[in-house]
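Input sequences plus hints: build the corresponding full structure.
Okay, here's what each chain looks like letter by letter:
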Amino acid sequence: MTSNFRSLPVITLLTILSLPLVIMYAFTLVDTVTDAEPGSLIPSVFTLHHWRFLWDDTTGRGSVWIATINTFIFAGSTAAIVCATSLTSAYALSRLNFPARRFFLAGVIILHAFPTITLIIAIFLILQFLGLFDTLIGVIMVKAALELPFGIWVMKGFYDTVPWEIEMAGVQDGASRFMVWRKLVLPQVQPGLSALLIFSFLSGWSEFILPLVLAPGSDAQVLSTYLAYFLLDDSLEVDFNLFKSVGLFYALPVILIYLVFQKKLMNIYGGGSKG
Amino acid sequence: MQLRLENFTKTFESLTVIDKLNLTVESGEMMALLGPSGCGKSTTLFTICGIHRMNGGTLHFGDRDVSDLPSQKRNVGVVFQNYALYPHMSIRENIAFPLRVQKLDNATITRKVGEIAELVHIPELLDRRPAQLSGGQQQRVALARALVRQPDVLLLDEPLANLDAKLRLEMRSEIRRIQLETGITAILVTHDQVEAMSMCDRIALMKDGKIVQLSEPDQMYNDPVDTFVAGFLGNPPIAFLDATVVDGQFRVGDNGIAISDALQPKVNGQVQLGIRPEYFGPQFGTGMQGQISFVETQGREDLYNVTLPNGAVLRSIQPAGPRLKLGDTVNWGIASDHALAFTPEGTRI
Amino acid sequence: MPRFHALGFGFLAPAMIVVTLFFLAPVILTVFFAFTNMSTSTGITGGEYLLTQSDLRKVKASSVSDETYDKLENAGYVVDEAGLARLVEARDQATADELATLHGGAQFSSRRDMERALKDLRVNRIRSTRERKALAELFTSSVMDERFQTKDEFRAALTAAGIPEADQRILVKVAYTGWVWTTENMKLLFSLDSSWRYAMNTLFYVVLTLSFNVGFGLFLAISTFYLPPTIANTFRTIWFLPRILPPVLYVLMWYWLTWDTGIISSFMSLFGVAPRNWMLDTATNAWIVVILINGFVGASLGMILFSSAIKTIPASMLYASEVDGANRWQQIRYIILPQLRWPILFTSSYQTLSLLTSFEYILLATDGGPGGATEVWALAAYHTALNNYGGNLQYGLGAAYALVLVVIGIVTSVLYLRFFNFKDLVAKPRIEQ
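Residue numbers (the working numbering), protein chains in the order written: chain A, 9 to 283; chain B, -16 to 332; chain C, 251 to 683.
Don't read these hints as lab results, they were simulated from the structure.
Everything hinted at is true.
Think about it this way: if two alpha-carbon atoms lie no more than 30 angstroms apart in a straight line, the pair counts; the simulated BS3-like pairs of lysine-lysine are:
id, chain 1, residue 1, chain 2, residue 2
1, B, K56, B, K3
2, A, K191, A, K271
3, A, K272, C, K561
4, C, K561, A, K271
5, A, K191, B, K86
6, A, K191, C, K678
7, B, K193, C, K678
8, C, K678, B, K3
9, B, K56, A, K191
Everything numeric in this text was worked out from a predicted model, so none of it was measured.
This is the structure we're talking about:
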């Protein structure tokens, strides 16, 4: 900030406090490709042995690739559903005239604030009734539904910034409201849409509780439950190098996406959002 | 095409903003809706273009009743205050949009866009984006887009408000030129009396949802129906004095002003006198004594406020000359033929 | 005008369907489930009618007449088709055929008589007394331990067994294996000692984690604010990562930090401290780890919100305070903190709700251990209904636990409405078509 204050003490203090996290990050990276002498923490040998889970099923939990594909389907579909649905409904709430609009708006705010995880038990039972328990499609629907109020809220914020005059001009030029939305308004909210898409994808990718409870079987497992299995199964021999390799494999897309889209995402994270 | 608004009523929630307003704009005429903010002029404009719905009354374009038609079917061109150009489209696409909506073929669209671009003098800008244009250029594009499908009526909502002073002058004459060349019926909404007077054939001056006076600009300036109209037009503004009719004179404190022959039979008792600055000064003889209480020099002209002994203030505008100083005592005259008389309630006598 | 209603509703419809099905329905059903005794053993659809010994013992104490009890307990034995079929299962066809010729259709009032009948078998002799005893049971004509799909079938069987109408109603009730409506969960909720412990754990957890989140988030935001941009961004990235990383991986890192094969143990062993699981060895350590795990994630949210709020303070204001001679503490105290009042309030209220209800990190880290020390309310709901070692998942009781949170959630969310300038929000659309 200004040159009136010295920053060295602050840097020192922050460094000390950040040390545990930095050590965790560093060793997570290093340990995946090295081995150390028993009892020592300093890596001594380079090895790709810890990545063996990629080509053979040493874990007894099925192929990691199935889980990866499942995770892609899960995160991709939820993001697509959330975006498509909030794209239309947020526009209706932001711009269209229809009865009970107030009610719907209040509903969105309340749902947006509501802690969805408390509903997990009822959702579990509903999926049992519907026969969607332990299926990928069931978890996708649930995740999309729970993410939707947030999506609508974010998209409404983006629609609200589009000047009314643009729409008025479109209507004057003879375009229907639908066409105005399609041709004139959508292009204006496109940046917001892509931010929401990325955000929902990441949220789906990281989701853990929903797949754990609603799709515990190995057919529909995603990477989060695949990895959690190592942590939660006491009978397994603890092999942190292997666990970390799986973890890094799992988190790689997240880190990449974050690095590429950092600025866009900050808009959503910083916007007083939940998540 | 003639535009006819009859018994137009508009309410928001329970508040009636405009009650039974009548307005006729003749074919090819440019009409100004002038008034202070909140007078209902924008509401009227938005109703004519169909963005607001009417709560009562009818609207005709020529013989066509458009009262219940949505905007899309009214065939009205609108230029918005902030131009509302579509930022993601090139200028060409912007202008072509109303034609695309009508699903015209590409050749026709290209031809029409070319023609209108010539008319508003922007053919070289067609491939740019709105963000790359200056305010004046954006204004021209907005006009082109509003005119390209040959609307029955052109509506201009404060079109010059977002321009700097120099461009405003230029666009004033440009808009008028284009309106005259196309011969389109146009309505200009503005709060700026200079714009209204310089651009339009007639002015409808509005206040509180009603049209107070509808007439040609010079007539409105010289022959206002009440103190509101007199005060709204003219810069520097007209000065009002409380006067009493005594012995064939308007008495203002110790000073007296002759009553013109025309007014002589109509006035008695208390009146309000309206004196425009150009009709008060040494060139009109003497009669009003007071002290200079304010001096502003505008280069070509000087502006003086003269405070009379009873506290009333008169304004005077004079060609730049030997400067009088604050506090100087002057004795100037009034062109009594041009003094406007109003009842104490403000109605013109 | 109706055309545009249609467009509005059409645009809303997909969201409404999804939200209703997986959002509103769960809220309502949580209430319903909380007043049932649903569990793994009752199933979630309908049940059957099965009268067991333990059911009988239950009713004996209450209202069923002794005669009925006796009839049920000491029901007779019949050599019928069903019994013979069971005998074929247990032994073989020949035995069954011989018994059928000897005693086909016979009725016996006591087991001893039935056993005697079995003794009569000559060709296919059943030698062991124990086996005879067991086989005699196959011919019991009792309604006991027999499954009936519908109420009517069960009642018919009771009538056939000579049970008076008056007692049938009670028996039907005890014998039903499906779920029923009950207020038992609510009573249980308030009477169980463990409920109060979960509540206290939750309070402790929320208060401590929240203070850490806000305090540390503030510290991070303010301290990085004073640093040169590159250094500040480095630290912000370090502290933002816990939020970005998938929870499972993030907790895995903590495992590695704290477990007996992890880095703390390895490091401490240099000083002769025996390796141990620092996450789970004592309740205190478990709490520290749980609060830090959540706190780091929460602090990063606070850091982002507070940082962006600080950025909106005009630089001239800060310069002015420095020219006026404020030192750094005074600048923070009098210029920065007052600007952060709303973000702090927002973060606190938002995180209170989220900490109350989420259990993801605790589940992954300690799973409520050691010995239930870190079991918070939301986790208890999860354990009761969805995952416990006993195996009998009590959906009803779990829903009752969840209901408490749902109610808190609804109340808080409605309060949340007041945060917004709702009037602005519902401003009429400006195109009136």
